[in-house]
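Novice: Below are the chains, spelled out letter by letter.
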Amino acid sequence: MNWELLALSPPGWGGALLRGLATSLQVAAGGFALGQLIGILGSAGKLYGGPVIKDLMEIYTTVVRAIPELVLIVLLYYAGTAALNNLMGGLGFSSVDISGMLAGILVIGLVQGAYSTEVLRGAILAIPPGQIEAARAYGMPPAMIMRRITLPAMLPHAIPGLANLWLVTTKDTALLAVVGFTELTLATRQAAGVTHEYFLFFSAAGVLYLAVTLVSNVLLQALERRASRGMVRRRT
Amino acid sequence: MTDQQMPEDIETPPPLPKLSALMRPHRLAIMAVAAALLILMIVKMQWSWLPDYAGMLLAGLWITILLLVASTILGFLLAVPLGLVQVTGPKILSWPARVFCTIIRGTPLLLQLWLLYYGLGSLFPGIPEIRHSFLWPYLREAWPYGLLALTLSYAGYEGEVMRGAFAGVPHGELEAARAYGMGRWKVLTRIWLPRAVQRALPTLAGETVVQLKSTPLVATITVIDLYAIVGDIRQSTYLTYEPLLFLAFLYLCLTGILVTIFRHFEKKIPSRGM
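Chains as they are written, first to last, in the numbering used here: chain A, 1 to 236; chain B, 1001 to 1274.
In short, the hints are calculated from the structure, not lab data.
Warning: the hint list may mix true and false statements.
Said to hold, decoys possible - If you anchor each label on the Cβ, the simulated ranges turn out as follows: (1) A222/A to L1058/B: 49 to 55 Å; (2) P152/A to P1051/B: 44 to 50 Å; (3) K54/A to Y1180/B: 37 to 43 Å; (4) L41/A to A1034/B: 41 to 47 Å; (5) P1270/B to L41/A: 57 to 63 Å; (6) K54/A to K1267/B: 52 to 58 Å; (7) F1249/B to L41/A: 24 to 30 Å; (8) G139/A to T1240/B: 48 to 54 Å; (9) L41/A to K1267/B: 32 to 38 Å.
Even glycine gets a Cβ: it sits at the ideal position worked out from N, Cα and C.
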């Protein structure tokens, strides 16, 4: 095998792969953050909202989780940007040019939001109800209860599920390759296509993805240990 | 690595609502809005292409279902030994199994698919033994690589699930089986495996839905499944939204059918107090 092709500077393709990895991680981090925001709002809506909000949230999570991510990404990436431009044109604004990065973050965030809603809903339900009742008895308004009691108290229950979602998110960014967004997988395919060293480059990208997963695992386990300080350890 | 496993509450769907629960006023209002949207979509959008492509869509649907069924069955057959050796096997077997599961679960399926199709596909023609073997006509097509990638992926994820399920079967049951004089193989086939599958069934149902949602990836290596057919329709009719929306609707139906089938099996399992 021709290892020199992985050199960091051209004619090696190592630099292109690392740039792809950086793009992938940015989209994953942005999408994950957006997903958590949607998840917090969604789980609050599912647990505390009125009947209409509850049903709408149920429809959102069910539909998003039943349709393949690839189809959602293609649908939202192409059709979503076209629809937004139509809307802007209809309102008299000039059409906006949505960067691939922003569209990718929005799409990944919308998909992850559905899964995150379910994880956070389960975690909030795991909080002893007395803690939230006590906060209410102190006269805290709902938003303050959420900020001071519910979110911190649910964290140890939510972290295993959220850690799993983060790992899924890093891998889901690869799907953006199908819509032509140059993240790690597409950069790898371009490098492999030019050099015809398919095995070398796809293996190299696999090692990069695996490294992200393993490093994330170590960090997430440390985070989980820290978040569950003082909790009674459940016997498994 | 257990923290990577999906918590069961996201995988097990809630029980289906009763008909009376659907008749509450706000739900009727939501259904009315949904019906209005649907009618608007039918009237305002272009659907004249649908009858022309019905045959192709059915053929694509068949390929998608075939890939799903074949890869889940083959993958599950691989997953049982993968899970078992991680629980009881000697180090020389359990270690490779763990590495395999970690690699499969740590890299995107799209990358695995492309590695197999483009990577192996570019290596095979250079090996004369393979070129002249009876397998060569198949290896020149795309679907064996798609099936292999989907099977390995399912095996990797389910190997981990089965590991947890095997480890979770109470020891007393296995000891009781041994006390009855059952051999190791009989303990496995009569007690350990059935009990592990029972425990894993809700997770397996969720994972099979995930597998269904992974099948359209094979369209990127030129397998003509449902997703590829819809891509063709989009190109030849110049329609952006309609084929994709129809595709999303079809997958929604497929997921619903899959969940119903698994729920039927879950109901058959006797549980305490029933």
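Novice: Taking the hints in turn, state whether each one holds.
Specialist: Hint by hint, here is what the structure shows:
For A222/A paired with L1058/B, a C-beta distance near 52 Å keeps the hint of 49 to 55 Å intact. Take P152/A and P1051/B: their Cβ atoms lie about 57 Å apart, and the range 44 to 50 Å is violated. Separation of K54/A from Y1180/B is about 51 Å and departs from the stated range, judged on CB atoms against 37 to 43 Å. A hinted range of 41 to 47 Å is violated for the C-beta pair L41/A and A1034/B, which are about 22 Å apart.
Evaluation of the 57 to 63 Å hint for P1270/B and L41/A yields a failure: the beta carbon distance comes to about 41 Å. The hint said 52 to 58 Å for the Cβ distance between K54/A and K1267/B, and at roughly 26 Å that hint is violated. Separation of F1249/B from L41/A is about 27 Å and conforms to the stated range, judged on CB atoms against 24 to 30 Å. A C-beta distance of roughly 53 Å is found between G139/A and T1240/B, which places it inside the suggested range of 48 to 54 Å.
With their beta carbons about 35 Å apart, L41/A and K1267/B fall inside the hinted range of 32 to 38 Å.
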